[in-house]
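Participant: For this one, chain F is given, so just place chain E on it according to the hints.
What follows is the residue order along each chain.
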Amino acid sequence: MESIGKFLIFMGRMFIRMESFGTYFKLTVDESIKVGYNSILIFAIVSTFMGAVTTLQTAYNLISPFIPSYVISLVVRDMTILELAPTIMAIVYAGKVGSNIAGELGTMRITEQIDALEVMGINSASYLVLPKIIASLIMYPLLVILAGYLSLLGGYMTAVLTGVMTGYDYIYGIRYDFVEFNVKFALIKALAFAFLVAAISSYKGYFTKGGALEVGQSSTSAVTNSCIAILTADYLLAKLLL
Amino acid sequence: MIEVNHISHSFEGKQVLFDISSRFEKGQTNLIIGASGTGKSVLLKCIVGLLQPDEGYVTYDGRDFTSGDRNLKIDIRREIGMLFQGGALFDSKNVEENVMFPLNILTKMPLDEKLDRVNFCLQRVDLENVNKKMPSELSGGMKKRVGIARAIVNNSQYLFCDEPNSGLDPQTSITIDNLIKEITIEFDITTVVVTHDMNSVMEIGDYIAFMFEGRLLWEGSNDQIIDCNVQELENFIFANKLMRTMRNMKS
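As given, the protein sequences belong to chains F and E, one line each in that order.
Take the first sequence: its letter number 24 is residue 24 in my numbering, and every next letter is one higher.
Take the second sequence: its letter number 78 is residue 78 in my numbering, and every next letter is one higher.
Isolated chain F (complex conformation):
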């Protein structure tokens, strides 16, 4: 409970003694490049393979003359939109971006760079953390859209190249009985996960005490706590919105 209280106070601190809009804009653009643009490659690789493997495994489990082959891509589509793109990629995001945020802030803490900001009269929590959270909220949903697209593309390529189904059937299954709300639901989850990863990792990094060992522990703790928070939020959002 103490940690939750401290976390909420930390979040509240970001909105007092704020700097100019221009300062935050520039910082947010810089952070967007770090959390978004620099994550494209890993997201592309993971999501493409995820789609490919999901297609193969679904095909493997649905060998029956009574089940039309387009069901395979229908299953891949729903899995991708509902769970793989927003949630599993959030775990990857926590591993890449969360550990980076915690490590960066932790190092700034132990090398007194955060103290230097405070001595200058700058609200370090607001200056350092708010741009990271805003950048995460902007970039992660875009990464989820990219991951979803590439996952379905990976599935298509696998389906066609391995011959488990035709390209026509795959596209038919992708379009069949499409529920638009699922995409909105995925983007709502993406926003929630983006906030959780950035905020928890920032909190862990910002309050690092000690030396290099503790910075490593903060990074690990940031990823672990982010993953737990993502899975808890995933369950709660599914329960509330579906």
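Fair warning: there could be bad hints in the mix.
Non-contacting residues of chain E with respect to chain F, defined by C-beta distances greater than 10 angstroms in every case (computed) [as the list claims (entries may be wrong)]:
| no. | residue |
| --- | --- |
| 1 | Ser8 |
| 2 | Lys26 |
| 3 | Tyr57 |
| 4 | Ser67 |
| 5 | Gln85 |
| 6 | Glu96 |
| 7 | Asn104 |
| 8 | Ile174 |
| 9 | Glu186 |
| 10 | Leu217 |
| 11 | Gln231 |
Taking lysine-lysine pairs in the DSSO-like style, the calculated list, with each CA pair at most 30 angstroms apart, reads [what the hints assert, rightly or not]:
| no. | chain 1 | residue 1 | chain 2 | residue 2 |
| --- | --- | --- | --- | --- |
| 12 | E | Lys26 | F | Lys26 |
| 13 | E | Lys14 | F | Lys34 |
| 14 | F | Lys209 | E | Lys14 |
| 15 | F | Lys96 | E | Lys93 |
| 16 | E | Lys114 | E | Lys26 |
No lab work stands behind these hints, which were simulated from the structure alone.
Bear in mind the structure is a predicted one, so any value in this text is a computation, not a measurement.
The C-beta atom is built at its ideal place from N, Cα and C for all residues, glycine as well.
Facilitator: Just chain E, lined up with the frame of chain F:
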């Protein structure tokens, strides 16, 4: 002038500062000295507001910094420059961006004026042609110089230095000490230096406050310190062989 009034501070029930009062005058180099773990850095952090003292208060030219309102605190903080032990330069910014940082955040100066001011400060600390270098490319002494340049770039009225000589060779230490002294006189600012380096004490100590186990045991100048009659301070001063030899020669 900075006045420290009855400052006490503790961490998780363990008291580390006991009722410390002192006065740091403008235009002179004020030193807080003492062995490691005596509370010097904690006192410095209480003075600059990085730690909130349990008791007591600090005034900057009569303005109550500890219990004053938030806007006053921000105003005072923007008059403070601080050199941290490791330099505390921002890793992601080059030298020029580091020194310009307070101007970017705290002023609305045009870019060309900011560049002029940055170059002036870098020249003042005897650094040239390093504007585009990253902190990782600098030596320890250069980092300290950049730290000093950043601390004075916004015409700070108060300069704080936490162990400015740590990790430096004796010659570079003396250069940094002299630089701090010169800047203090040239810009007529109040400077407070935390150190345990006896060379610094003898070179630049206009006013010296000696701390021992969280208490202020002795105050005076570098002329008076050799003849002090405080056992703990004598143990501190004459801990090294050179100082003991000097004392023997004097006696």
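Participant: Could you run down the list of hints and mark each one as holding or not?
Facilitator: Evaluation of the provided hints:
{"no.": "1", "hint": "Ser8", "verdict": "holds, 21 angstroms"}
{"no.": "2", "hint": "Lys26", "verdict": "holds, 19 angstroms"}
{"no.": "3", "hint": "Tyr57", "verdict": "holds, 18 angstroms"}
{"no.": "4", "hint": "Ser67", "verdict": "holds, 17 angstroms"}
{"no.": "5", "hint": "Gln85", "verdict": "violated, 7 angstroms"}
{"no.": "6", "hint": "Glu96", "verdict": "holds, 16 angstroms"}
{"no.": "7", "hint": "Asn104", "verdict": "violated, 8 angstroms"}
{"no.": "8", "hint": "Ile174", "verdict": "holds, 24 angstroms"}
{"no.": "9", "hint": "Glu186", "verdict": "holds, 22 angstroms"}
{"no.": "10", "hint": "Leu217", "verdict": "holds, 27 angstroms"}
{"no.": "11", "hint": "Gln231", "verdict": "holds, 34 angstroms"}
{"no.": "12", "hint": "E:Lys26 <-> F:Lys26", "verdict": "violated, 38 angstroms"}
{"no.": "13", "hint": "E:Lys14 <-> F:Lys34", "verdict": "violated, 42 angstroms"}
{"no.": "14", "hint": "F:Lys209 <-> E:Lys14", "verdict": "holds, 18 angstroms"}
{"no.": "15", "hint": "F:Lys96 <-> E:Lys93", "verdict": "holds, 22 angstroms"}
{"no.": "16", "hint": "E:Lys114 <-> E:Lys26", "verdict": "holds, 27 angstroms"}
In this structure, the earlier hints numbered 5, 7, 12, 13 are contradicted, and the remaining ones agree with it.
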